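Participant: Residue numbers (my numbering), protein chains in the order written: chain A, 1 to 450; chain B, 1001 to 1325.
No lab work stands behind these hints, which were simulated from the structure alone. Here the structure is a predicted model, which means the values were calculated and not measured. Be aware that a few hints might be false.
[Said to hold, decoys possible] Here are the simulated lysine to aspartate or glutamate pairs, EDC-like style, with alpha carbons at most 16 angstroms apart:
id, chain 1, residue 1, chain 2, residue 2
1, B, 1062, B, 1034
2, B, 1172, A, 408
3, B, 1172, A, 140
4, B, 1053, B, 1071
5, B, 1053, B, 1097
6, B, 1055, B, 1319
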Amino acid sequence: MLFPLASDYLVWLLVAALASFAYYCSRNPHLAAPWARVFRSRAAVASAVVLAFFVGVGLLDSVHYRPRLPATDPAAPPVYSVEVRSLLDLALTRLRTRLEITYSAPLATRLLQKERIERPDGTSVRDYPRLRFGGQHLKDEADLSQDVALRIVAGLALAAAVWSLVVLAGRRTLARRWPFVPWDAAAIALAALLALAGPVAMLAAGYHVLGTNQVGSDVLYQALKSIRISLVIGTLTTLVLLPLGIAAGITAGYFKGWLDDAVQYVYTTLNSIPGVLLIAASVLMVQVYIDTHPELFPTSAQRADFRLLSLCAILGAVDWTGLARLLRGETLKLAQLDYIEAAHAFGVSHVRILTRHILPNVTHIVVITLVLSFSGLVLAEAVLSYIGVGVDPSTISFGTMINAARLEMAREPMVWWSLAAAFVFMFALVLAANLFADAVRDGFDPRVRV
Amino acid sequence: MLAYIVRRTLYAIPILVGINLFTFALFFLVNTPDDMARMQLGVKRVTPEAIQKWKADRGYDKPLLYNAGQDGVRSVSETIFFEKSLKLFAFDFGRAEDNRDIANEIRTRMGPSLALAVPVFLVGLAVNITFALGMAFFRATYLDFWGVILCVAMMSISSLFYIIGGQYLISKLWHLAPISGYEGGLDALKFLVMPVIIGIISSFGGSARFYRTVFLEEMGKDYVRTARAKGLAESVVMFRHVLKNGLIPVLTGVVVVIPTLFLGSLISESFFGIPGLGSYTIDAIQAQDFAVVRSMVFIGSALYIVGLLLTDISYTMVDPRVRFG
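With the rest of the complex left out, here is chain A (with noise of 0.2 angstroms):
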């Protein structure tokens, strides 16, 4: 059954709204032509590749549902778990369910740490037991390396399949409709990203390749579970950082007098409080009313669910300010040209001069702003996180990872593949966007034309 969280509806109204903005861009030659530079350079068009794979995932883990269970009686009405799960743990429904006991490293047959193990004759000894799932289907445990090596073989083997495959394609569609963007960086991201991903896919199927954690869940599972966190609170933040933004900015700039007065004070106000403070006091609210509340919410995932969407809110409403600070100088400065004085004087009402007039002239500053606030919510995403005023702590995301591995690195033996993990994701997540970024403000920003 079908089993939408809020957060789904939320992040696919995100995907129409980009696919329509994405329309618009290409019908509109003074849009489309700050992306056809944006898409000139190489380190976009590479950073593009990388961030389509996490959006993938990201949107493969927003299709929720709630499996059947298993009916006793076959006429009776279906009856569905509580637990909510995603397409995404369907995909690694291996990985999801191999649990193992304890830490265990990567690639590893057996346990980190000693156990008491019966042998069959009746005495017991303290030995790293075998893993339940980990190389369990290897005979002998010498044979680990071949069979490393074997599957890394067959995975790239397969990556390279796919990638010639895709190139193909490729060179067929896509580089016949946009000659001039670089494909050959497209081509090699792809190849380092699949490179990767294949012989990581052979590997699972029988190892734990990024080892288990203190509870004996798989890393890897738990990394690629949390990067649909950090893509929703990247992106979702901006359904309540626009509007605000844009309304304030736009109109503060456009009327001037007590409402520019107005909105100038809210947003010194708001943007005194240290933005941590804020949003630490505002999310500790949020699970008080979470708590108090407990009949709002009858799954927990909709409880986690709720807090997330909760802390989306917080960081909208605490970083449009920025937004509006700029939108208003533009429009200042946009409301004394003459084209605006024309509209005046045609009698344009003020809300069309709005729409029509000033808010397409100052889109390049709206994405440029939101697409450099990504990282930065991704980011900030691991701290509130660590410091417990983040997503909720069931909620498996890099912060949660980062903060229940904090002591690891301090154990003996030392546990690192949990930090390491979460390191490799958000580094990769987070240099991507930065990258795309900087590509997307030097196209569209109009200094950079001249």
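Chain B: place on chain A using the hints.
Facilitator: Below, chain B alone, put in the same frame as chain A:
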């Protein structure tokens, strides 16, 4: 000048009042004191008597805005708004959950916070500006290119990883400094070295790159071309002209944070066990100690407003074009 400062100070008052009202609304109108009591005492198995006692102990048992049971001034002063919100203006912060005086706690914790935040701020600023100036000097060479790449890569790493990785390298692998803790006096030095270094590194990427763009923008201006045209050496152009003028936009971002250095840094203080205001705030957030969080929000905002004021004043001092309009 004096009139200007007075006017700017007066302008800060409505903003402080706004912050005060906002925090009051956030802490008492979004959720009632009853909700907070229920949450603190555990949602299930809570009796009305326990809630009443929790509220009475903390002074939350009064009406929010107007006390009809009292007359005269007391009808306004015997309320939560007066006791918990207006008294913040007099730096009367009340007591924390552990019944300690918050104002006293803030005074004692300010020292360690400053001991960490000031070196990070000063040394970090010097390092970032030096590096940014270097990149601008060698612009459009491989040095500049890889410098920018380094900055972007360092920007993309969460501050948490700098701390965790630094602790691992410096303390566990190289045994150069204790992993966490704090002592007063000169002994503090050995505990502070590592957090300071890590603090500087984690702010490096973003700042150095930002200062580089500032300097590059400055270098494109006419007066720089004039200076070059009259035959000045590139180093003179950089240090006498570009550095001096480039510091004006840098000033905006820098002066405003000086007062907020008192607040310390939230994350590194709690990681390194430094008993400053940052770790105090984090502990309060985790223990859901609303009185402390409320006080810190107010102090933080007040300090930020002082920072804005200082920014305006410093502008008028460094840039003679800015008039006291």
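Participant: Against this structure, judge whether each hint is valid.
Facilitator: Quick rundown of the hints versus the structure:
1. B/1062 to B/1034: Distance ~12 angstroms between residue 1062 of chain B and residue 1034 of chain B Cα, so the pair holds.
2. B/1172 to A/408: Given that 16 angstroms is the threshold and the Cα spacing comes to 12 angstroms, the pair holds.
3. B/1172 to A/140: violated, 36 angstroms
4. B/1053 to B/1071: violated, 25 angstroms
5. B/1053 to B/1097: Roughly 14 angstroms between the alpha carbons, so the hint for residue 1053 of chain B and residue 1097 of chain B holds.
6. B/1055 to B/1319: Given pair residue 1055 of chain B, residue 1319 of chain B is violated - Cα atoms ~54 angstroms apart, limit 16 angstroms.
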